[in-house]
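**Student:** Taken in order, these protein sequences are the chains called A and B.
Quick note on my numbering: the first sequence kicks off at 1 and runs consecutively.
Quick note on my numbering: the second sequence kicks off at 1 and runs consecutively.
I should point out that these hints are in silico values taken from the structure, not numbers from a laboratory.
Heads up, the beta-carbon is just placed ideally off N, CA and C, and yes, glycines get one too.
Hints are supplied without guarantee of correctness; some may be wrong.
Said to hold, decoys possible - List of simulated lysine to any residue pairs, SDA-like, C-alpha gap at most 25 Å: (1) A:K198 x A:K245; (2) A:K225 x A:I208; (3) A:K326 x B:D179; (4) B:K20 x A:F218; (5) A:K148 x B:M193; (6) B:K225 x A:Y362; (7) B:K90 x B:T62; (8) A:K20 x B:A201; (9) A:K346 x B:Q195; (10) B:K225 x A:I208; (11) A:K217 x B:N239; (12) A:K35 x B:T235; (13) A:K20 x B:L230; (14) B:K164 x A:I122; (15) A:K326 x B:I183; (16) A:K123 x A:Q83; (17) B:K23 x B:D94; (18) A:K95 x B:A201; (19) A:K217 x B:T129; (20) A:K346 x B:A5; (21) A:K35 x A:E206; (22) B:K219 x B:F70; (23) B:K225 x A:S2; (24) A:K68 x A:D55; (25) A:K22 x B:E231; (26) A:K149 x B:L230; (27) A:K357 x B:T235; (28) A:K22 x B:K90.
Stated by the list, open to error - A few chain A positions that, by computed beta-carbon distances, are all more than 10 Å from chain B: (29) N40; (30) Q189; (31) R191; (32) P243; (33) K274; (34) L296; (35) F322.
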Amino acid sequence: MSIIFYNSHDIFIKHANREKLKEIPGGEMFSLYFKVFSQNITAVDRTNTITTPLDVSVLPHLQMPQFKSFTSTFEEICDNRAQELMFYAKKTGRKLAVMYSGGIDSTLILCALLKNCSEHDIKSNVVVLLSNASIRENPNFFYNYVIKKFNCVSSFRYTHFLGNDNYVFVSGENGDQLFGSQVVSAFTQDRPFADVFKNINNMEGELINWMYKTTFKFNEPQYTKQHIEQLFFIFKKIVDAAPVKLDTVYKFFWWINFTTKWHSVYVRPLPFSKNLNTIKFEENYTTFYCTKEFQLWAMNNHDSFIKDTPDTAKYVSKDYIFKYNKDLEYLKKPKIGSLWRMFRQKNIPFTLDQNLKANYNYPDNTMYNYSNDFMEIK
Amino acid sequence: MLDVAQVEEYYSSQVKYFFKRSKYASLNMASMRHPYLIKDEADRLLAVAENPMSVNALADITCIPTYSFFIDPTTNYNNVIELNKAWQWKVDLDTKSWVVDLNFKSIEHLAKCILVNQKIVLLDLIHDTIETYRRDFTDQLAGMDSVYMLKYLEAKEILEQNIKTDTLLKYPMVSGYADTVNISLQESARLIMLQHEDATAFLAESENLRIRFTNIIRKETNLQKLAGILEDFNTENVNYSFL
Chain A
1 MSIIFYNSHD
11 IFIKHANREK
21 LKEIPGGEMF
31 SLYFKVFSQN
41 ITAVDRTNTI
51 TTPLDVSVLP
61 HLQMPQFKSF
71 TSTFEEICDN
81 RAQELMFYAK
91 KTGRKLAVMY
101 SGGIDSTLIL
111 CALLKNCSEH
121 DIKSNVVVLL
131 SNASIRENPN
141 FFYNYVIKKF
151 NCVSSFRYTH
161 FLGNDNYVFV
171 SGENGDQLFG
181 SQVVSAFTQD
191 RPFADVFKNI
201 NNMEGELINW
211 MYKTTFKFNE
221 PQYTKQHIEQ
231 LFFIFKKIVD
241 AAPVKLDTVY
251 KFFWWINFTT
261 KWHSVYVRPL
271 PFSKNLNTIK
281 FEENYTTFYC
291 TKEFQLWAMN
301 NHDSFIKDTP
311 DTAKYVSKDY
321 IFKYNKDLEY
331 LKKPKIGSLW
341 RMFRQKNIPF
351 TLDQNLKANY
361 NYPDNTMYNY
371 SNDFMEIK
Chain B
1 MLDVAQVEEY
11 YSSQVKYFFK
21 RSKYASLNMA
31 SMRHPYLIKD
41 EADRLLAVAE
51 NPMSVNALAD
61 ITCIPTYSFF
71 IDPTTNYNNV
81 IELNKAWQWK
91 VDLDTKSWVV
101 DLNFKSIEHL
111 AKCILVNQKI
121 VLLDLIHDTI
131 ETYRRDFTDQ
141 LAGMDSVYML
151 KYLEAKEILE
161 QNIKTDTLLK
171 YPMVSGYADT
181 VNISLQESAR
191 LIMLQHEDAT
201 AFLAESENLR
211 IRFTNIIRKE
221 TNLQKLAGIL
231 EDFNTENVNY
241 SFL
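With the rest of the complex left out, here is chain B (with noise of 0.2 Å):
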């Protein structure tokens, strides 16, 4: 087992590699905007996401998704932890609550805590890029995700029967957007078309790419590369656009 002062020594050999983040969290449900947790098998928690992704994306047998965190009223601890130092934390199955716990068996055992601290503030900063990027197609009015699958929908019909006039009204949004814009019913179908297609392969490629980021900060055992991973990611999501 480790000592407190060989814990805290290791600790602080390794924040150099530390992403920056807010460095407290007050894990209240009340309070706190996203409690989402990881913990591993042993009961000890790892990690607090502002994403529910980031915490799915290592979530496997030794890597437990949780979603409370209780305190025992009787115990002085108020409940705000130091976000990277989460894993100092561990359920005490007598009270069944959160203790602070510094007993590691190992360095190593140590290292993977503060590895998946980290990953997880890597994940965080990845998929708030990606939801960012994204807002062009889903931060919208209320409805028009129902709007959009209906032109599609419409849009598709239209073409595929090749549809010219539309005298019944069977097609409202198809005929409604040819009337707005004062293009004809095949035109405007064929635009509705192309905007979906244009919507679906931006959607796509952010979606590949934070696939592809997911899995490679998955399998990294190195705490000291996951700020190359990063560098990686805004190359790939943005850099080369600067023309």
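Next comes chain A alone, as it looks inside the complex (with noise of 0.2 Å):
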């Protein structure tokens, strides 16, 4: 049975793993890509163009959308969003458990809430879940807002609330990568923010330049500047294949986090919930941002990620909230981030089949795929 979640710290990082990564065909290449995006993400690519070293299933409704013209808009969207949630808890007798860590994504599904429900409905059928860190990262709106209209409870809970079938488990997933990457935050530290806005097949150079740094920086030494060059070319194998123009940097480390890491950003709290036996896609766990009309969107109208600065990235999300709250102090606050507490102290498997069955052992030959890109580094 293949499977839809994997720990890729233990199994592509983790040093006392380090022999039994040595089976995995293809996998200590494939271990840069951690390196280069994240230490924790399920990478599969949606569009299928590549191979990973692991036998992974993309979950149906994770699926890329075909891509066609799509003339919503983002506030539309978000709007119904919030309306069709709201129906389907009141419908099937549950409360919607919404993640809020304070940041842009979890605040806009607040204020779509708000903006969209009765205050009775938001007040009888609504639980917020959040942190002393979501209070500190966006203070205004939750004494204005959160204390006042919403019930709360700590979000060190979420572990019970995901799979509790009383509840549809909302978070602010997904929402990133609508929008572009955090990688371009890491590739810019030492260089111009202008510069992601250059073209890709002028840049490939520095990419590649920066790839080998990035992976350098963990001590990596076996791996020399041709093989970093060979696994950008599988990147960017994805990136030509894509249905639209992606001219920049910035588009180039959007497709890769839309296409490689959006279903992995859908799993991940996954293997931390106590209910794992009752966890039901789409019934009560879903992302606010994982539908594809907000797919469609993305795809339509990549030109409106960001402007020319950093803090304007997710300007289309900042002004729908901004619309609702008139909280022009939050508009210019960078980012805090308090997802990751909630990932800390903890246990997780190294897999998760499809039906949520945990794997405490090293991924064996049968969820090997014997035939992947990263294979062919040499």
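Take the two lone chains, each set in its own frame, and fit them into one complex as the hints suggest.
**Tutor:** Next up, the structure:
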């Protein structure tokens, strides 16, 4: 049975498993993906342009939608999503349990609910899960709206809300993948931000150099620049096959994120759940942004992700929030981030299969892809 | 009995599995920061810990916490000991002071001493890490523990009894907080309960992690596997949060 989640840190990064990693075809080269993008990703290409070393099934509702022209505005999609979630919760006798970090994506969810649902429905049918860090991330919104309008519980309890059939667990995951990639800030750490708007074809050398330096930081001297170059062209293959024109470095990173991390962010909270047996995708667990409509909006509006400076990222989401709360101060605030706290101090399995059965052993050959692009790197 | 060369040879063969730490410590109550010692049933010193919880974690009938290290003033020893070789020291029953004694019954006996010694280092590392992570909640102004507890008790009563106004200032903590951040008494109470719940859950997680790893270390019998336990601990403690 193929898997829907794998613990990339323990499989591809952890020192104690170095010898076992050699048994996965292309596994050592694939481990560089996690050093460039992030250590905890169930990476799988939704476009099927490339194949990765582990046999991962993308959940049916997370498959890449067929590209087509799409004219709904971002605001319309957000409004519809909030209405649809509330309608579904009431119809099925569940409450919405919304993970709130105080960041843009989850603040937008609460604004969409406040804008589109009655005060009574919100009080009766919504529980917001948040932490002290969420309050610090966006204090104005917390004191003006969250504590006044919503029932609140600590987000440390998410492990027990997720999969509890009395709730529809809703997170702001997939929001980041609609607008870009966190790798952009790493790439621009030592260079002008304007470089991300340069033409990708003129920046290939720069990107390869950056990837080489990034992996070198992990003390991996066995990988040469030639290895990294081949790795880069695997990613480039995904971008070249895109149904939309992706001409800048920013869009290059966005598309890699959109195609290879979309599935991952949806499944990443699952292994922490204490109710694995009762999780039902899109019945008692969803993300606000995982719908086909949001994806088609992104594919049709990739010039609307950012203006010319980093603080303008996700400006359409910020505009939506601002229209509701009129808080100029928040628009200028840098991201702090609090989700990482939720994934600390816990242990998780190596893999989850399609029936959400947890496996606590290192993946064996029944999970390998014996023909994958990373085996070709020499 | 092993001879000195056998002891040295075995010790050297095991050093590659050791954790890094400061090599020497002065076991002088005045100069050493935390002289928490653990000895075996035959009064042989096994390890010196920086955290008393490390000693307590291994305490049983064969590993006994102790807090004194007396050296016979008539001997030539100074009171500086090599931490990884703490097991060289044993209580001399005649003088009731600690002396260097390399008489080990067997390699197994020496191996057991070295294992306990390194378990203590590992426990110290884990306790240090947990302590650092808990500082959000533990490094506070004097009296904060009482402030938080009073806030919690007031908030609990307000919510249980559905009190909407505090006309005679029966709840100074919750009322004061409501005024300070410009929210109602009920909202203030709900916010305090939320923060209490958040802190409790956070502390519970770190406490569960501490207990789980203490048990793993306690049961381990193989010195070579201790480094792997530390990697597992670091992974669970922080590495899954690199998103």
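**Student:** Run every hint past the structure and note whether it holds.
**Tutor:** Now for the hints, and whether the structure bears them out:
no. : hint            : in the structure
1   : A:K198 x A:K245 : holds, 14 Å
2   : A:K225 x A:I208 : holds, 8 Å
3   : A:K326 x B:D179 : holds, 23 Å
4   : B:K20 x A:F218  : holds, 21 Å
5   : A:K148 x B:M193 : holds, 14 Å
6   : B:K225 x A:Y362 : holds, 18 Å
7   : B:K90 x B:T62   : holds, 15 Å
8   : A:K20 x B:A201  : violated, 36 Å
9   : A:K346 x B:Q195 : holds, 21 Å
10  : B:K225 x A:I208 : violated, 38 Å
11  : A:K217 x B:N239 : holds, 17 Å
12  : A:K35 x B:T235  : holds, 16 Å
13  : A:K20 x B:L230  : holds, 19 Å
14  : B:K164 x A:I122 : holds, 21 Å
15  : A:K326 x B:I183 : holds, 19 Å
16  : A:K123 x A:Q83  : holds, 15 Å
17  : B:K23 x B:D94   : violated, 29 Å
18  : A:K95 x B:A201  : holds, 22 Å
19  : A:K217 x B:T129 : holds, 24 Å
20  : A:K346 x B:A5   : violated, 45 Å
21  : A:K35 x A:E206  : holds, 17 Å
22  : B:K219 x B:F70  : violated, 31 Å
23  : B:K225 x A:S2   : violated, 32 Å
24  : A:K68 x A:D55   : violated, 29 Å
25  : A:K22 x B:E231  : holds, 19 Å
26  : A:K149 x B:L230 : violated, 45 Å
27  : A:K357 x B:T235 : holds, 22 Å
28  : A:K22 x B:K90   : violated, 47 Å
29  : N40             : violated, 6 Å
30  : Q189            : holds, 17 Å
31  : R191            : holds, 23 Å
32  : P243            : holds, 28 Å
33  : K274            : holds, 13 Å
34  : L296            : holds, 26 Å
35  : F322            : holds, 22 Å
Hint violations for this structure: numbers 8, 10, 17, 20, 22, 23, 24, 26, 28, 29, all remaining hints satisfied.
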